[in-house]
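S.K.: Chains as they are written, first to last, in the working numbering: chain W, 290 to 577; chain U, 211 to 478.
No false leads were slipped in.
DSS-like, lysine-lysine: derived pairs with alpha carbons at most 25 Å apart: (1) U:K407 - W:K401; (2) U:K409 - W:K430; (3) U:K407 - W:K406; (4) U:K387 - W:K366; (5) U:K407 - W:K404.
Simulated from the structure, these hints should not be mistaken for lab results.
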Amino acid sequence: MTPVLQTVRLTHRYSEGTPFERVAVDSVDFSAQRGEFIAVIGHTGSGKSTFIQHLNGLLKPSSGSVLFDGKDIHSSKEFTRQVRFRVGLLFQYPEYQLFEETVYRDIAFGPKNMKLKDDEVDERVREAAGFVGLGEEILGKSPFDLSGGQKRRVAIAGVIAMRPEVLILDEPTAGLDPGGREELMENILRYHDGGKRTVIYITHSMEDAARTAQRIVVFNHGHIAMDGTPREVFRRGFELIQMGIIVPQITRVMMRLRELGLDVDDSVYSVDQAIAALRETKGGGDRA
Amino acid sequence: MLKDITLGQYYPGDTLVHRLDPRTKLILTLIYIAALFTAIVYAGYALVVLFLAVSILLSRIRLRNILSGLKPLIIIVLITGILNLFYTKGEHLLVHFWRISIYWEGVETAIFMALRIMLLIAGTLLLTYTTSPLQLTDGLESLLNPLKKIRVPVHELAMMMSIALRFIPTLIEETDKIMSAQRARGADFETGGLIAKAKAMLPLLIPLFVSAFRRADELATAMESRCYHGGEGRTRMKQLSMARRDWIALAVGVLLLALVILFRRLGI
Ligand SMILES: Nc1ncnc2c1ncn2[C@@H]1O[C@H](COP(=O)(O)OP(=O)(O)OP(=O)(O)O)[C@@H](O)[C@H]1O
Ligand SMILES: [Mg+2]
Numbered sequence: 290m291t292p293v294l295q296t297v298r299l300t301h302r303y304s305e306g307t308p309f310e311r312v313a314v315d316s317v318d319f320s321a322q323r324g325e326f327i328a329v330i331g332h333t334g335s336g337k338s339t340f341i342q343h344l345n346g347l348l349k350p351s352s353g354s355v356l357f358d359g360k361d362i363h364s365s366k367e368f369t370r371q372v373r374f375r376v377g378l379l380f381q382y383p384e385y386q387l388f389e390e391t392v393y394r395d396i397a398f399g400p401k402n403m404k405l406k407d408d409e410v411d412e413r414v415r416e417a418a419g420f421v422g423l424g425e426e427i428l429g430k431s432p433f434d435l436s437g438g439q440k441r442r443v444a445i446a447g448v449i450a451m452r453p454e455v456l457i458l459d460e461p462t463a464g465l466d467p468g469g470r471e472e473l474m475e476n477i478l479r480y481h482d483g484g485k486r487t488v489i490y491i492t493h494s495m496e497d498a499a500r501t502a503q504r505i506v507v508f509n510h511g512h513i514a515m516d517g518t519p520r521e522v523f524r525r526g527f528e529l530i531q532m533g534i535i536v537p538q539i540t541r542v543m544m545r546l547r548e549l550g551l552d553v554d555d556s557v558y559s560v561d562q563a564i565a566a567l568r569e570t571k572g573g574g575d576r577a
Numbered sequence: 211m212l213k214d215i216t217l218g219q220y221y222p223g224d225t226l227v228h229r230l231d232p233r234t235k236l237i238l239t240l241i242y243i244a245a246l247f248t249a250i251v252y253a254g255y256a257l258v259v260l261f262l263a264v265s266i267l268l269s270r271i272r273l274r275n276i277l278s279g280l281k282p283l284i285i286i287v288l289i290t291g292i293l294n295l296f297y298t299k300g301e302h303l304l305v306h307f308w309r310i311s312i313y314w315e316g317v318e319t320a321i322f323m324a325l326r327i328m329l330l331i332a333g334t335l336l337l338t339y340t341t342s343p344l345q346l347t348d349g350l351e352s353l354l355n356p357l358k359k360i361r362v363p364v365h366e367l368a369m370m371m372s373i374a375l376r377f378i379p380t381l382i383e384e385t386d387k388i389m390s391a392q393r394a395r396g397a398d399f400e401t402g403g404l405i406a407k408a409k410a411m412l413p414l415l416i417p418l419f420v421s422a423f424r425r426a427d428e429l430a431t432a433m434e435s436r437c438y439h440g441g442e443g444r445t446r447m448k449q450l451s452m453a454r455r456d457w458i459a460l461a462v463g464v465l466l467l468a469l470v471i472l473f474r475r476l477g478i
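So that you can see chain W by itself, here it is in the shape it has in the complex:
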C-alpha cells in the first residue's frame, strides 16, 4: 500500500550559508500508512517540530523529498496548496494564531480558505466546535477573552474544521491541566475514529504516547533513533534515558528490578502490565 505520507532522506538546514547554519533534520526516512496513530517523541531541539512542518509543505527540504500519496508535495504549487488542507497541522502553542473578532469566524478561517460554500462552512464550524467541546455561547465571543485552555480548543477546532485526512499536532497538551489533557487526548482519539483518519502527534509525555499510540517514533539529534510499537520502544528504556527522554515511572521501577537481578520483562509502561509481568516472573520462579 502506498503510504499516505513518506519522507525520503529528508534533510533540513536552518540559516543555510550563514555562520549560524544548523542541521535540524538529518536525512530522515519515514512513512505513515493511512489510519495509523503515531506519537513522536524526543528531547528538546531534536528536530521534531522542524520535521513535521515538512509534512504539509510549510518548510521546504534542504535536500530529500516529502511524498503525499506517493506524489512529491512540492511538485506543483496547486498540489502543495491541496496538501495543506488534506494534512492539517496544529502548531506548538497554537493559541497565538487566533485573530478574528469572534471564535466562530476564527474557526471558519480554514474552511473559508478552502473556498467552501457558506452553509458547508457553517456546518463544519459547528461540528468542529462541538467536537472539542466548545458550547454555542462561546462562538460569538472574542477569542481574546477566553481562558488558555479554551483558546487551545478554538485553535484545534480551526484545524479540525478543514477535515484533514491526516491530523498532525505539535505538543497539543503542553501547558494544559491534567483534566484538559485527558479530554484533549480523547478528542484526538475520536478524530482518529478507529483508523479512518491518520494522526501524528508530538508529545513530551511518554505516558500519553504509550497509552494512545500504536507506534512511537523517537527523534534524537535530527535522526530517527527508534521506530516501533510502544513495547518495542520501551524495551530500550536505558537508551531512551540516555537520549534525555523521561520514561514512565513504572518502567523505571521494572528496569531497576531487572538491574537488581530479577528476570522481569521491563518493556512495560502501565501498572497493569507490570503486575502481569511480575506474576509471570513469579510463576516462572516457582517452576524452577
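We have chain W; now place chain U with the ligands onto it with these hints.
M.R.: Just chain U with the ligands, lined up with the frame of chain W:
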C-alpha cells in the same frame, strides 16, 4: 525568508575589530562617513575604499555577508545612479536622443554616487556585524552622556534602543511562526492584488500586535520587579574602557580624514 534579513545582525568573533571599544567604532564610523562625503576625487575615494577593505579584512567578516547585506538596497542605488546619469549637465556630451542627453560628467557622478551609497552602507554594516547590540547602545549612551546636562534622557533613549534591538529577532521569529500557522490553515500571503494582499496580512498582524503588547507588558513587569528605576546610580557588569588599540585606531581614522581633506584641497 524573513530570517535572511541581515541588517543589524551581529557575527560574533574575536578579532581586533571585534575587540575595539564600541565608542571607538562609533566614532570611527562617523569619521569614515565624513571622509566618504568629503572625498570628491579619485585619490580620496581610493583611500576610503582602502580603509574599509583593511577593516573588513581585519574583522574576518566574509565579503559575501557584506554583499548580501547590500542586496536589499540595490534598487535605491540603481535609482540614484540613473537619476544622476540623466540629470547631470556637463561639457562632454556622450549620447543625445530625443530629449535626453547624457554627459560624461553624468556617468562619473552616477558611478560615484552609487559607490558612495554602497560604501556608506558597507561601513555601517561592518559596525553592526562586529559589535553586539548591547555594546552598541552602551557605547552610544556613553558618547551621548554630556547631553544629559541639557536634560536629554540619554539613558532612557539608550535603554529603548537596546530593548528594540533585542526584540527585533524575536519579532521576526514570531512573524515567521504566525505566518506558518496561518499558512497551515490555507492563508495565502503571496498572490492577489494590493487590496487582497493587505487583507491577507490581517491574520498575521493582529496576533503579532497582540503578542508584542503582551511581551511589552511582561517585560515592564519583569524590569520593575527587579527594581529598575532608570539610569540613576545604575552600574554595569562590563565597564567600557579604552585600550591602546582604541587610541591607535582613532589616530588612523583622523589621519584618513586629514588625508582626504588634503587631497580634496589639492584636487588630485
Ligand atoms: N526558525 C529557526 N531558525 C533557526 N534554527 C531553528 C529554527 N527552529 C528551530 N531551530 C533549531 O533547529 C533545531 C531543531 O528544532 P525543533 O524546533 O525542530 O526541535 P523540537 O524537537 O521541536 O524541540 P522542542 O521539543 O523544544 O519543541 C534546534 O536546535 C533549534 O535551535
Ligand atoms: Mg517543537
